[in-house]
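**Student:** My request is simple: use the sequences and hints to build the entire structure.
Just so you know, the sequences run in chain order A and S. Position 170 of the first sequence, counting from 1, maps to 170 under my numbering, and the rest follow consecutively. Position 97 of the second sequence, counting from 1, maps to 97 under my numbering, and the rest follow consecutively.
Calculated directly from the structure, the hints in this document are not laboratory data. Even glycine gets a Cβ: it sits at the ideal position worked out from N, Cα and C. Hints are not guaranteed to be accurate.
[Stated by the list, open to error] In silico SDA-like links for lysine to any residue, alpha-carbon gap of 20 angstroms or less:
(1) S:Lys17 to A:Lys117
(2) A:Lys117 to S:Tyr281
(3) A:Lys235 to S:Tyr281
[As the list claims (entries may be wrong)] Selected chain S positions facing chain A (Cβ under 7 angstroms, derived; list incomplete):
(4) Ala13
(5) Ser38
(6) Cys45
(7) Ser116
(8) Ile258
(9) Arg318
(10) Ile350
(11) Ala352
(12) Gln355
(13) Asp362
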Amino acid sequence: MSGCYCYDGTLAGLLTLYPHLLAERAAVERISAAPPDQQSLFNSEICIATDQAVAEVFWQHLTRRLSPHSLKLLRRCLLADHPQQELLIYHYLLLEAEQGRRVDGMLAHPQVAPVWKLAQQVAREAHRYLGFVRFQQIQGGLYYAAIRPDHRILLLIGTHFAERFSDQQWLIHDQRHGEGILYDAEKQEWLLLPMEVTAQPDLAPEEAQFQELWRSYFSTLAIPERTNLRLQQGKVPLKTRSCLTEFTV
Amino acid sequence: MATDLMDRLKILADGAKYDVSCSSSGSSRANSNGGIGSAASTGICHTWTSDGRCVSLLKILMTNACIYDCAYCINRRSNDVQRVALSPAEVAELTIGFYRRNYIEGLFLSTGVVRSADYTMELLIQAVRTLREQYRFNGYIHLKLVPGADPLLVQQAGLWADRVSVNLELPTRESLALLAPDKSRDAVVGPMRQVNQLITVNRAERKQSRKVPRFAPAGQSTQLIVGATGESDRQIVTLSEQLYQRLDLKRVYYSAFIPTVADTRLPARPEAPLRREHRLYQADWLLRYYGFSAHELLDEVSPNLDSELDPKTGWALRHLELFPLEINRASYEELLRVPGVGVRSAQRIIQARRQGHLGIDDLTSLGIVMKRARYFITARGRYAGEIKLESNTLRSRLVDGPEQKRPVQLSLDLEQPLRDETASLITGEL
Numbered sequence: 001m002s003g004c005y006c007y008d009g010t011l012a013g014l015l016t017l018y019p020h021l022l023a024e025r026a027a028v029e030r031i032s033a034a035p036p037d038q039q040s041l042f043n044s045e046i047c048i049a050t051d052q053a054v055a056e057v058f059w060q061h062l063t064r065r066l067s068p069h070s071l072k073l074l075r076r077c078l079l080a081d082h083p084q085q086e087l088l089i090y091h092y093l094l095l096e097a098e099q100g101r102r103v104d105g106m107l108a109h110p111q112v113a114p115v116w117k118l119a120q121q122v123a124r125e126a127h128r129y130l131g132f133v134r135f136q137q138i139q140g141g142l143y144y145a146a147i148r149p150d151h152r153i154l155l156l157i158g159t160h161f162a163e164r165f166s167d168q169q170w171l172i173h174d175q176r177h178g179e180g181i182l183y184d185a186e187k188q189e190w191l192l193l194p195m196e197v198t199a200q201p202d203l204a205p206e207e208a209q210f211q212e213l214w215r216s217y218f219s220t221l222a223i224p225e226r227t228n229l230r231l232q233q234g235k236v237p238l239k240t241r242s243c244l245t246e247f248t249v
Numbered sequence: 001m002a003t004d005l006m007d008r009l010k011i012l013a014d015g016a017k018y019d020v021s022c023s024s025s026g027s028s029r030a031n032s033n034g035g036i037g038s039a040a041s042t043g044i045c046h047t048w049t050s051d052g053r054c055v056s057l058l059k060i061l062m063t064n065a066c067i068y069d070c071a072y073c074i075n076r077r078s079n080d081v082q083r084v085a086l087s088p089a090e091v092a093e094l095t096i097g098f099y100r101r102n103y104i105e106g107l108f109l110s111t112g113v114v115r116s117a118d119y120t121m122e123l124l125i126q127a128v129r130t131l132r133e134q135y136r137f138n139g140y141i142h143l144k145l146v147p148g149a150d151p152l153l154v155q156q157a158g159l160w161a162d163r164v165s166v167n168l169e170l171p172t173r174e175s176l177a178l179l180a181p182d183k184s185r186d187a188v189v190g191p192m193r194q195v196n197q198l199i200t201v202n203r204a205e206r207k208q209s210r211k212v213p214r215f216a217p218a219g220q221s222t223q224l225i226v227g228a229t230g231e232s233d234r235q236i237v238t239l240s241e242q243l244y245q246r247l248d249l250k251r252v253y254y255s256a257f258i259p260t261v262a263d264t265r266l267p268a269r270p271e272a273p274l275r276r277e278h279r280l281y282q283a284d285w286l287l288r289y290y291g292f293s294a295h296e297l298l299d300e301v302s303p304n305l306d307s308e309l310d311p312k313t314g315w316a317l318r319h320l321e322l323f324p325l326e327i328n329r330a331s332y333e334e335l336l337r338v339p340g341v342g343v344r345s346a347q348r349i350i351q352a353r354r355q356g357h358l359g360i361d362d363l364t365s366l367g368i369v370m371k372r373a374r375y376f377i378t379a380r381g382r383y384a385g386e387i388k389l390e391s392n393t394l395r396s397r398l399v400d401g402p403e404q405k406r407p408v409q410l411s412l413d414l415e416q417p418l419r420d421e422t423a424s425l426i427t428g429e430l
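**Tutor:** The following block contains the structure:
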């Protein structure tokens with residue numbers, strides 16, 4: 001058959017699908033995350049129903065079998081926002097089933113290189129957002145930050161912010177993927193939740209002043225004789241600027 | 001009050017911005033219980049200004065008043081600018097306000113010298129102490145040492161800060177005497193020596209007991225102004241090498257001289273200062289991470305770096321007898337010397353070739369940039385450069401030429417009726 005598979009879009013769904021495919025060493029052309037009501041439209045697609053138990057067993061199996069390096073790679077790829085990440089990971093797992101931990105060193109292999117590249121993109125973006133998060137203090141003392149990253153990097157940056165701002169209540173909202181991390185300073189723990197934009201938050205009274213100070217500081221720092229807008233744009237792409245205090249009025 | 005603070009911040013940031021040190025790396029400080037902040041060992045850039053330089057630390061002066069009259073400095077005594085100051089409490093408050101909003105990674109505190117070196121140094125220490133003790137701030141702090149300050153104060157500074165620095169500014173004793181008559185070379189190098197000793201002692205002590213507080217965990221750095229005086233690149237790179245080897249500096253920064261004040265002691269604006277600065281940084285990286293030494297990069301015959309070629313390519317063209325290099329056999333150190341191959345590429349090649357010989361295509365999928373490397377390597381015996389390994393021809397291919405223009409379609413003519421032959425070309429009719 002065509003080799004097109006679909007799952008319900010959840011991690012558990014994907015982890016149910018993989019053992020199924022790996023057992024048959026199926027030749028896969030496409031893996032899509034189709035919502036259930038569309039299934040009948042594509043007769044050629046084989047859909048696997050999510051089974052929490054299978055998924056958990058398979059995840060246990062992966063954590064035991066894969067090297068820490070591979071596991072890190074896959075974790076990053078799972079957080080990517082890429083049309084074919086499920087397929088790339090499947091190809092990687094296929095090769096791993098054959099070669100075992102030797103895949104760690106097979107960096108140039110066509111089933112490994114794309115996974116590594118994608119993982120690197122995700123990791124780079126996550127690192128960049130350690131700097132690009134801008135908190136605004138809102139009424140009641142909560143620090144709120146909106147971001148619009150390409151990939152779902154929240155899980156990769158949560159620990160950093162939880163350690164750094166352990167004494168303040170904060171919330172980082174990924175508006176692009178509709179989720180956010182909420183940190184509870186009392187319990188010292190953070191939680192990933194689905195979130196939507198409903199309204200602009202009311203800012204705390206001193207917030208506007210700090211933003212103004214930061215903007216004027218930022219514009220003073222540039223040395224006119226050295227202006228290099230191209231370099232700046234490479235470092236701060238336009239798509240990130242809507243959420244950065246110093247680039248918005 | 002608010003606008004007043006804004007004005008002072010502007011003036012003090014303006015006075016500090018010519019100090020190019022930006023890094024926030026090299027120190028990993030965990031957040032102690034209930035405090036705020038941490039220092040990430042990789043360093044984090046938070047934004048970039050319109051000149052393409054990163055902003056990582058809140059870089060300000062405590063005051064821009066100064067008793068010295070250094071010709072290159074915007075804050076010199078004889079320069080007619082408004083003099084303002086921030087109190088230690090204000091500095092701390094501002095830092096925390098910015099830090100909590102994740103604008104910055106920490107504080108870079110410098111200053112003009114008021115009254116005396118010791119008095120000024122004490123002011124700086126007071127600000128940093130307020131941050132560490134009162135606000136329990138664990139973020140990154142870079143503190144400037146005031147030349148001529150008491151050794152006891154220097155020692156204190158290192159205990160509060162992650163990194164300390166004194167700017168050498170001018171590479172030779174003579175230029176220092178010319179442009180900064182009030183500063184002596186010993187007043188600058190003295191604290192650097194002292195800090196180096198303290199760091200060495202502290203490291204040894206911390207091996208005995210982890211309870212010993214850390215002294216300047218991110219080490220010390222310095223800055224050289226390039227182009228204000230007539231030194232050659234060779235003098236500068238050799239000096240940097242000595243600073244790295246003898247004083248164990250973490251970084252030497254280079255700042256292309258931009259005249260901020262007119263002075264007869266200063267040269268007219270030098271040509272392409274930014275390009276020269278860029279080449280010096282490349283040479284600096286070769287010293288620190290690629291195992292090169294200064295005399296390999298520059299000698300009496302060519303005392304200045306080639307502005308058209310990066311220093312590593314320049315070196316490779318002078319040593320063509322070593323190339324092409326077979327990447328499946330070359331050692332890590334040899335790989336690092338191939339133009340276009342960096343530390344990461346070299347590591348990846350080493351890792352990947354354990355699982356089988358690498359071909360040219362494999363290199364591309366490893367993410368190795370072949371633009372320059374292809375002329376200097378073979379893979380499985382195949383040479384990918386396609387031209388003879390000969391200095392002049394290679395050089396003409398490798399210079400950073402002006403960017404090539406790609407052909408563009410100027411317009412699509414929709415109005416004009418198609419002539420027969422054009423129409424038949426498109427439709428395929430005869």
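**Student:** Please go over all the hints and tell whether each is borne out by the structure.
**Tutor:** Structure-based check of each hint:
1. Using a Cα cut-off of 20 angstroms, the hinted pair Lys17 of chain S and Lys117 of chain A is violated, with the two alpha carbons roughly 37 angstroms apart.
2. A hinted pair counts as satisfied when its Cα atoms are at most 20 angstroms apart, and Lys117 of chain A with Tyr281 of chain S does not qualify at roughly 28 angstroms.
3. Restraint check for Lys235 of chain A and Tyr281 of chain S: the C-alpha separation of about 19 angstroms stays at or below 20 angstroms, so the hint holds.
4. This hint holds: Ala13 of chain S has a C-beta 5 angstroms from the nearest C-beta of chain A, less than the 7 angstroms allowed.
5. With a cut of 7 angstroms, the hint placing Ser38 of chain S at the interface with chain A holds, because the nearest CB-to-CB distance is about 5 angstroms.
6. The closest approach between the C-beta of Cys45 of chain S and any C-beta of chain A is roughly 5 angstroms, which is under the 7 angstroms cut-off, so the hint is satisfied.
7. Checking Ser116 of chain S against chain A by beta carbon gives a least distance of about 29 angstroms; that is not within 7 angstroms, so the hint is violated.
8. Here the hint on Ile258 of chain S is kept, as its CB sits about 5 angstroms from the closest CB of chain A, short of 7 angstroms.
9. A hinted interface residue such as Arg318 of chain S counts as satisfied when its beta carbon comes closer than 7 angstroms to some beta carbon of chain A; here the least separation is about 30 angstroms, so the hint is violated.
10. Checking Ile350 of chain S against chain A: minimum C-beta separation of about 10 angstroms lies over 7 angstroms; hint violated.
11. This hint holds: Ala352 of chain S has a C-beta 4 angstroms from the nearest C-beta of chain A, less than the 7 angstroms allowed.
12. Of the supplied interface hints, the one on Gln355 of chain S holds, with its beta-carbon coming within about 5 angstroms of a beta-carbon of chain A, less than 7 angstroms.
13. For Asp362 of chain S, the interface hint holds, the least distance from its beta-carbon to any beta-carbon of chain A being 4 angstroms, beneath 7 angstroms.
Checked against the numbered hints above, the structure breaks hints 1, 2, 7, 9, 10 and satisfies the rest.
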